[in-house]
Amino acid sequence: MSLEIDFAGLKLKNPTVLASGVLGTSAALMKRVFEEGGAGAITMKSIGPEERAGHANPSVLELEHGLLNAVGLPSPGYKNMEEEWNELEERKFPLIASIYGASVEEFVEVSKFVAEKKPDAIEVNISCPNTQEHGQIFGVNETASAEVVSSVKKEIGKIPLIAKLTPQAPNIAAIASACEKAEANAICAINTVAGMAIDIDARKPILCNKFGGISGPAIKPVGIKCVYQIFKAVKIPILGMGGISSGRDAIEYIQAGATAVGIGSGVYYQGIGVFEKVCREMKEWIKENEVKSLEEIRGCAHG
Amino acid sequence: MTKLPKMVSIKRIVQETPNIKTYYLEHKMNAKPGQFAMLWLPDIDEKPFTLTAKGKECAVTVQCKGKFTKAMCDLKEGGKIGIRGPYGNGFSTEEVKKVCIIAGGCGAAPVLLLAEQFKKKGIDLSVILGAKTGKECLFKERLGKTTKNLYITTDDGSLGEKGYATSMLEKLLAKQKFDIVFGCGPEPMMKKAFEICERKGIECQLNLERYMRCGFGVCGACALGKWLVCKDGPVFKSEQLREMPEFGEKALLKSGKEVSLKEFAEWRQ
Ligand SMILES: Cc1cc2nc3c(=O)[nH]c(=O)nc-3n(C[C@H](O)[C@H](O)[C@H](O)COP(=O)(O)O)c2cc1C
Ligand code: FES
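Respectively, the protein sequence lines represent chains R and E. Converting from the first sequence to my numbering requires adding 101 to each position, the first position being numbered 1. Converting from the second sequence to my numbering requires adding 8 to each position, the first position being numbered 1.
Honestly, the hints are just simulated from the structure, not real lab data. Ideal Cβ positions, reconstructed from N, Cα and C, are used throughout, including at glycine. Heads up, a few of these hints could be off.
Claimed, not checked - Here are some of the chain E residues that sit facing chain R, going by a computed Cβ distance under 8 Å:
#, residue
1, 11
2, 12
3, 13
4, 15
5, 19
6, 48
7, 50
8, 209
9, 221
10, 222
11, 224
12, 226
13, 233
14, 263
15, 264
16, 266
To be verified - Listed next, the in silico DSS-like pairs over lysine-lysine satisfying Cα-Cα at most 30 Å (straight line):
#, chain 1, residue 1, chain 2, residue 2
17, E, 78, R, 305
18, E, 127, E, 143
19, E, 258, R, 132
20, R, 213, R, 259
21, E, 36, E, 127
22, R, 311, E, 73
23, E, 270, R, 218
24, E, 262, E, 73
25, E, 262, R, 213
26, E, 179, E, 129
27, R, 311, E, 129
28, R, 219, E, 262
29, E, 239, R, 305
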C-alpha cells in the first residue's frame, strides 16, 4: 500500500514531515532530509522579523526520556536569507516555511515576504515557549491566536496556513477551533512542553535560559491527547507530533486523528533515516492488520 | 558516554604555550582521535573542545582568548567544570600505512592523539606543525616523540623553517607520496592543503569547525552544506570536501545567518 497523502492541498509521498527547528537550517540539509532521510515534507527552522542570535549554550540537552531545548528562536531574519531562498526555488520537495513574530504586525510583515518565496505552506508558530520578549505565547489565548491566523491568512492568500499550537493552552481544542474559524487550513500540534533541569552538583539550572521545551518520547502522551481533542473540535487536517520515532508511534497519532505526522527529536534517536524507518514500520503494521487505507484508521480511536 | 553535563574536578593543569593550557579532568571518557566533548561553565557558556587525552583522565587543551576560555583559564586545579560527550566521528585510520599530518596553531590539539596512535601502531608518519612563532608552537615535544619526521614552520622563522605549513606540505609531496593526509588548522590553510592534495591525487581527512549548540545532530546550528559538523564530522573526507562549496568560504553565525568565513572568524574572536 502506498502511504501517499493529501495534507491541506499538499501532495506528500508519505505522511512524515520534518518538524520545525530540527535540521532545517540550510537548503542543502533540507534536501538531504527529503532524499536520504525519506521525509514526505520539510519544515524550515522558524523565521523571524530580525536577525536573532537565540540563547547562549547550554541550549539543547538530552534528558532521560527526551530532549530539553532553549535555543531561543535563533533566526537570520527573513531579509538575510536570499541565497537560501534562491536554492530552495529549485527544490523537488514540499516545503513548509515556519514563521514567528512578537506581535501581529511582525507576523504579518514576515508572512508577506515569505509568501512571495512561494513555499508550499506557511506554518505560523504561535507556540514557542522559548523566548522572554516573545514570552506571551499567542497560542494560549483564543482571541490572540485567531487574530494572528486571520491577519496572516489575508497576506498569504491561497498558500495553505498551518497553525502550530502549544500544549500549554488550557483548552487546546478551543484554540484549534478558533484558528479554524480564522481560516487556518491545518493544525500542527504539538510544540514542546515547558520544562527545566537543575544540575545538583553545580546547584544551577543547566540551560542558560533556565527554562526550555521538552520534546521526544516524554511528551508523546501529551501530543496524543492534544491531537485526540483537536480532532473532535475541527474539520481541518492535523499534523501531529511529539515523540514520534517508530511506525507504531505514527499510527497512534493517526488513530488519534492526525493526517500527517511530524518528527523532530526522532532524528536524534534514529538518525536522519528515521522518516524512512517510520514509513517502513507503518507499512508493516498496515499489512499485518489488513488495513486498506490510512483513511480507514484515521481517528479510529474515537470509536 | 556522558549525556547530561557532569560536574568534574580539574586534576592538573599543564601550561603548553604562553596562552594555551591542557586541563586533565577527573573523568573517564573513551574517544577516538578527533572526537570532542562539550564543556560547561555554569552562568557562562558551553563550548566544544577536542579531546587531547582519553581514558581514565580525559583532557582538553584550551587557548585563553574569548569570554569562555578566559574564564576557564582562571580555574585552578581542584576547580569544577561540566563535561558531556564524546561526540563526532573522529578520524578513520583503517588501512593507512604512510601518513602525513598537517596542523596549524590550535589545530595541533585534534591530531595529537592521532599521531600518538600511529606511533603505537608503528605507522610511517610525518608531521608538519605550523605556528606564528616558536613559542606558540603547540605540542612540539609530544608530537616530536611520535616521529623522526617533524617539520616545524613559523611565520617569523623563530623556530623551524620560516613560512607556511602548506608550503612544507608541497615540498614533501614533491619528493614522496603519502596514502593520506590528516589535517587540522585554520580553514583557509585546510582549504589550501586540500587543493594541494587534490592536485596530487592524495586522500585527505580534515577536521573542521563551526558554531555548535547540541553537539549531537539535532539543532542544525553546525550545518556545513548538507553535513552536520557535530555528527557527520568534525572530520571530513576528500569525497565530502569535493561536494562542499561552503568549505573555506561560508559559515553560519549563531543566528543561522550565512556569512563569509572571514566574517565568521571575526565573530568567533
Ligand atoms: C532543538 C529544537 C528546536 C526547535 N525549534 C522550533 C522552532 O523553531 N519552531 C517550532 O515551531 N518548533 C520548534 N521545535 C519544536 C518541534 O518542531 C516539535 O514541535 C517538538 O520538538 C515535538 O516533536 P518531537 O518530539 O518529534 O521533537 C524545536 C524542537 C527542538 C528539539
Ligand atoms: S550542533 Fe546541533 S546539529 Fe550540530
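These are the hints, each one checked on the structure:
Checking residue 11 of chain E against chain R: minimum C-beta separation of about 5 Å stays under 8 Å; hint holds. For residue 12 of chain E, the suggested interface contact is upheld, since its CB lies about 6 Å from the closest CB of chain R, less than 8 Å. With a cut of 8 Å, the hint placing residue 13 of chain E at the interface with chain R holds, because the nearest CB-to-CB distance is about 6 Å. The interface hint given for residue 15 of chain E holds, since its Cβ lies 4 Å from the closest Cβ of chain R, which is under the 8 Å cut-off.
Hint status for residue 19 of chain E relative to chain R: violated, with the closest Cβ pair at about 16 Å, above 8 Å. Checking residue 48 of chain E against chain R by beta carbon gives a least distance of about 6 Å; that is within 8 Å, so the hint holds. About 4 Å separates the beta-carbon of residue 50 of chain E from the nearest beta-carbon of chain R, less than 8 Å, and the hint is met. For the restraint placing residue 209 of chain E at the interface with chain R, the shortest Cβ-Cβ distance is roughly 27 Å, beyond the 8 Å limit, so the hint is violated.
The criterion of a C-beta within 8 Å of any C-beta in chain R is met by residue 221 of chain E, whose closest approach is roughly 5 Å, and the hint holds. Taken as an interface hint, residue 222 of chain E checks out: its beta carbon lies about 4 Å from the nearest beta carbon of chain R, inside 8 Å. Taking 8 Å as the C-beta cut-off, the interface hint given for residue 224 of chain E holds, the closest approach to chain R being about 6 Å. At its closest, the beta carbon of residue 226 of chain E sits 5 Å from a beta carbon of chain R; the interface hint therefore holds under the 8 Å criterion.
Restraint check, residue 233 of chain E versus chain R: the minimum CB separation of about 5 Å is within 8 Å; hint holds. For residue 263 of chain E, the interface hint holds, the least distance from its beta-carbon to any beta-carbon of chain R being 5 Å, beneath 8 Å. At about 5 Å, the closest approach between the beta carbon of residue 264 of chain E and any beta carbon in chain R falls short of 8 Å, and the interface hint on this residue holds. The restraint placing residue 266 of chain E at the interface with chain R holds, with a minimum CB-CB distance near 6 Å, inside the 8 Å limit.
A threshold of 30 Å between alpha carbons decides the hint, and for residue 78 of chain E with residue 305 of chain R the separation of about 21 Å falls inside it, so the pair holds. Only pairs whose Cα atoms come within 30 Å are accepted, and residue 127 of chain E paired with residue 143 of chain E is accepted, the gap being roughly 25 Å. A hinted pair counts as satisfied when its Cα atoms are at most 30 Å apart, and residue 258 of chain E with residue 132 of chain R qualifies at roughly 18 Å. In summary, the hint linking residue 213 of chain R to residue 259 of chain R is supported, as the alpha carbons are separated by about 13 Å, within the 30 Å threshold.
Using a Cα cut-off of 30 Å, the hinted pair residue 36 of chain E and residue 127 of chain E holds, with the two alpha carbons roughly 23 Å apart. Taking the CA atoms of residue 311 of chain R and residue 73 of chain E, the gap is about 27 Å. The hint holds against a cut of 30 Å. Between residue 270 of chain E and residue 218 of chain R, the direct Cα distance comes to roughly 29 Å. Compliance with the 30 Å bound is thereby established for this hinted pair. As the CA atoms of residue 262 of chain E and residue 73 of chain E are separated by approximately 19 Å, the hinted pair is consistent with the 30 Å bound.
The suggested pairing of residue 262 of chain E with residue 213 of chain R holds, with an alpha-carbon distance near 25 Å, which does not exceed 30 Å. Distance hint between residue 179 of chain E and residue 129 of chain E is fulfilled; the C-alpha atoms sit about 26 Å from each other, no more than 30 Å. Pair hint residue 311 of chain R plus residue 129 of chain E does not hold up; C-alpha atoms about 47 Å apart against a cutoff of 30 Å. Proximity of residue 219 of chain R to residue 262 of chain E is assessed by CA-CA distance (about 26 Å); at most 30 Å being required, the pair is judged to hold.
A C-alpha spacing of about 28 Å is found between residue 239 of chain E and residue 305 of chain R, which places the hinted pair at or below 30 Å, so the restraint holds.
In this structure, the earlier hints numbered 5, 8, 27 are contradicted, and the remaining ones agree with it.
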